[in-house]
Amino acid sequence: MTVAIETNAEPRLPVVDVRGLSLAIRGRTILDRVSFDVRRGEVLTLIGPNGAGKTTLLECMLGLRRADAGVVRRDACTLSSWRDRAETFAYMPDDAELPAELTVSHVLDHARRLARAPADLVRALTTRLDLSTLGSARAGELSRGERRRVGLFQALCTSCPVIVLDEPFGAFDPLQLRSILELVRERASTGTAIVASVHQMADAEKIADRVLILASGRVVAFGSPDELRARAAAAKQGGRNPPRTLEDIFVACIETEPRP
Amino acid sequence: MISRELAIVLRARVTWIVAGLAALLVGHGFVLAVDLFTAGSRSVAGNVLMAREFDPLAGIVRPTLGGLYLAASLLGPIAAARAIAVEKERRSFGALVLLSGSHERVVLAKYLAALAGGWILLTGPLAAIAAWRAVGGQLAFRETVVALVGHGLYIALVTAVATAAAAWSRTVAQAATLAVVVVLASWAIDASEGFAALAWLGRLADWSVTTHLTPFERGILPLGAAAWMLSLTAGCVALSLVGARFDVARGRRTTLAMAVIAVTAGALVVSSRIHRAYDFTEAARASLPPAAVAGLRAITAPITLEVYLDRDDSRRRQMESDIIARLRLALGDIRIEYPLDGREAPSEATHDDGYGRIIVRVGGRHAETQSTSRREVTTLIFEAAGQPLPDWSQPAYPGYPLVVGRTARRALGVCAYIVFPGALFAVGFLVTRSKRRTS
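Those protein sequences? They're chains V and D, same order as listed.
1 is the number of the first residue of the first sequence in the working numbering; add one for each residue after it.
1001 is the number of the first residue of the second sequence in the working numbering; add one for each residue after it.
Any given hint could be a false lead.
[To be verified] Here are some chain V residues the structure puts well away from chain D; computed CB gaps all over 10 Å:
{"hint": "1", "residue": "35"}
{"hint": "2", "residue": "64"}
{"hint": "3", "residue": "71"}
{"hint": "4", "residue": "76"}
{"hint": "5", "residue": "78"}
{"hint": "6", "residue": "121"}
{"hint": "7", "residue": "167"}
{"hint": "8", "residue": "226"}
{"hint": "9", "residue": "248"}
[To be verified] Derived list of chain V stretches under chain D, where covered just means 3 residues or more per stretch with a C-beta under 8 Å from a C-beta of chain D:
{"hint": "10", "stretch": "14 to 27"}
{"hint": "11", "stretch": "81 to 89"}
[Stated by the list, open to error] Partial chain D-side listing against chain V, Cβ under 7 Å, derived:
{"hint": "12", "residue": "1004"}
{"hint": "13", "residue": "1091"}
{"hint": "14", "residue": "1102"}
Keep in mind that the hints were calculated from the coordinates and are not lab data.
Ideal Cβ placement from N, Cα and C applies to all residues, glycine included.
Construct all of the structure, not just a fragment, from the sequences and the given hints.
Following this line, the structure appears as structure tokens:
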């Protein structure tokens, strides 16, 4: 039986606006005036080489790390309190562990109650993420893939307008990955914006409406895959191999970026 | 939020291991106390005067709670600090704050859950008390409850110290170590008692937790000590709230922490000036005779006691636990001064002829004695006030000597060393064991 998430096609208006986020640690620039917006119902993927500042950027946007400068707004209002942020963002960190003492059903129940998520969504996510068989297992005994599925449930089971996922797809086999990419796309189609930092270009290409490429803490490219492709092709005018895939675009952007 | 935190604390192995070990320490203290009490009771043999000295609160409850004190001080911080520190180790603290929308909610829920886990340690003494009753031992309800309340407050304080330590450090190990060091600092102050060379530490006696816990163990409810412990607990919780604010710059957090410490120190000083206390002991045996109490309270002039005894003098300690404690119960505002404490490096050689004097000042009049006897000092106060000593009769405390038979003693030993700790380990095993996955 396929359990679908109800879709809600609305025009893609900006929901969160990030302006000029900067951060330096011990004189080293981690983020350099990063600006972008997040639109309702889109999947925005964040890609960049290791150490580019992807996780730091997400943490600064969420308020989990203090930026030296910059502002995050929702509907033109600055997000300054934790209550505002909690009402705006749901988050799945990359490396956080689940509470090992609790059973999966306890973790899911807590996420459901805090998010006040509708029962339909809870049911759909439980089925799509194949969590119903894990209910009585302790979170500390789950495999990496199972932990990521529980983490995805916690993030996706929300009424917040923006879901932030840090490296969400790394732990899955190809079949699971296909199903989860589909789920993320469906979740976005309900009007919720998804911001995901992704390492695998193929994964990003499958789900991204827009892509933000970060290198050395700076935005080196931002736009839809088609826009980026056109821009990269124009930049490589006269070249023999115009960029076709997101990976080509990424390599082209990083190669033209001056080394720090 | 609180249900999640409670579940994490109650399903953590460390909570139950600490509870089991605490029960073992409590049980050991209990068995030793029963043996001593039994040995002493054998020699009473119908002597009413000797029987009065057999006080189960002092003879059984207090040594039993000694084990709890040790466990709460040294093992309690490990379990309590874990509540916040484990989230930091798991790198999930920030996400939890984001999910709940408030640091305060997370920290308070963590503190309350850790406190609930800490109060599990009270099951050891409660079981020991039940066992004592089961073998025919006597315990007065109200004074026993007061002693347990004192230790409940102490656990709340240790939990708050551990929570604050966790909020300001990164790992469980760092937090537990920091909390234990803070507890040991209080012990260092206690260690100065009876050592003239450590007299400089004695000035900090008002900052020792033990000083404030002792009256509870004697069946006295001291408002000042309760307020002191609650103020320090609240201060540590406030410090936790500041420490957990990872979104605030380090400098500002430090400034806020200093402000919290200053306010807490102020609250502690104010609490130390509250001397009102209530005697909940059976037959009010911790107090002076009722007529003397009424007479003392009727004296309107300020009363001061100047005690010329060094802090390592056993007479001074005997006075503090007897006449001074009783006078404080009767008169919350009585002033006790130790002029010799101000001297540099006091020693036996420096004692002059005035050493050992106790000067009683009532208004502008004074009287002097070398005796530390309860009745003598009280008589002097009334003399200085120009009044005769009121009726000195007091309701008789019968005392409850009890010789625990060999079989009952053996049963108590099995309970204390095996059944009570074993029960806690077993509960821990049941609630923390892995379950089969549903298929």
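Query raised in the report: In terms of Cβ atoms, is chain D entirely out of 10 Å range of residue 76 of chain V?
Result: Residue 76 of chain V clear of chain D: closest Cβ-Cβ about 21 Å, beyond 10 Å.
Query raised in the report: Is residue 78 of chain V truly not at the interface, in the sense that its beta carbon sits beyond 10 Å from all beta carbons of chain D?
Result: Residue 78 of chain V clear of chain D: closest Cβ-Cβ about 14 Å, beyond 10 Å.
Query raised in the report: Are 3 or more residues of the stretch 81 to 89 of chain V near chain D, judged by a Cβ distance of less than 8 Å?
Result: holds (count 6)
Query raised in the report: Does residue 71 of chain V sit more than 10 Å from chain D, CB to CB?
Result: 14 Å, holds
Report task. Return the status of the interface hint for residue 1102 of chain D: holds when the least beta-carbon distance to chain V is below 7 Å, violated otherwise. Result -> 5 Å, holds
Report task. Please settle this one: residue 248 of chain V was flagged as non-interface, so is its CB more than 10 Å from every CB on chain D? Result -> Holds, since 34 Å exceeds 10 Å.
Requested in this report: Confirm or reject the statement that residue 167 of chain V sits farther than 10 Å, beta carbon to beta carbon, from all of chain D.
Outcome: 13 Å, holds
Requested in this report: Run the C-beta distances from residue 35 of chain V to all of chain D and say if the shortest one exceeds 10 Å.
Outcome: 21 Å, holds
Requested in this report: Grab the minimum C-beta distance from residue 1004 of chain D to chain V and call the hint holds if it beats 7 Å, violated otherwise.
Outcome: Status holds, d = 5 Å.
Requested in this report: Report holds if the minimum CB distance from residue 64 of chain V to chain D is greater than 10 Å, and violated otherwise.
Outcome: 4 Å, violated
Query - Non-interface claim for residue 121 of chain V versus chain D (Cβ beyond 10 Å) - result: 16 Å, holds
Query raised in the report: Is the nearest CB of chain D more than 10 Å from the CB of residue 226 of chain V?
Result: 33 Å, holds
The earlier numbered hints that this structure contradicts are 2, 10.
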